[in-house]
Amino acid sequence: MTTIDNYNKNKGEDVYSKIQKGKMYFMEQGIKKSGRNKFHKFQYYELKDLLPVVLRWMEDNHMSNHYNFSSTEGIMIIRDEDTMTSASFSIPLPPVNMENPFQAMQVIGGLQTYARRYLLIQAFDIEELDAIDCIDTKKVPKQRKTQQTAKESKPTTTEIVNMFHEVERSLNNENKELNQINFYSKADELYHDKQGYSDVVAMFDRGMKKAKQTSNYVTY
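Just so we're aligned, residue 7 is where the sequence shown starts under the working numbering, counting upward by one.
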């Protein structure tokens, strides 16, 4: 009786030979890139572009994959469910040094998403344009202008205080208690992609520290 296991063994197929065939499969699919870098004007693969094709191919070929992440490395393991052989691929991860737990989790989540995408690209030799190759040095503004723009975009102390009070007002309007979790969450909702976010959070942290040393009331 010829079973799938016997067939694969007779043909010498293991996880590596299947992955090699997978490389040809992905090349023939013509996967479209939905990500776009507006600054450097190039397109790239997002995880949502790759996963439908990857998962369908793995299901059809009795394959599976899973990820392991540490503070320094992301690892993807692909296993052939027919032969129980596996192959691993890894990518280094940069350190996350942030005191704010909400900011840290956002960064960690983003790193893992990027790592999963690059691990799939690595495993199946999916062609991807390197962002470094897309940088046109002629379009990079002079250092003086860059510094001037950064200086102009950084909020003043008054603006930071106003941002802080806006978080307070939003929590008050929603009848939420002014505590660390609620403040971090609301500040992240309002300002996570804006200049001054870290200053607003730092202002709250200083107030909390002062309150613990003096009273239960936070003042600024």
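Misleading hints may appear alongside valid ones.
Here are the simulated SDA-like cross-link-like pairs (lysine to any residue), alpha carbons at most 20 Å apart as the crow flies [as the list claims (entries may be wrong)]:
1) K39 with P58
2) K200 with K182
3) K39 with S23
4) K192 with I166
5) K29 with L117
Please keep in mind that the hints were generated in silico from the structure rather than gathered at the bench.
Predicted, not measured: the structure shown is a model, and the values here were computed from it.
Hints and how they fare:
no.	hint	in the structure
1	K39 with P58	holds, 13 Å
2	K200 with K182	violated, 23 Å
3	K39 with S23	violated, 27 Å
4	K192 with I166	holds, 15 Å
5	K29 with L117	violated, 25 Å
This entry does not satisfy hints 2, 3 and 5, going by the numbered hints stated previously.
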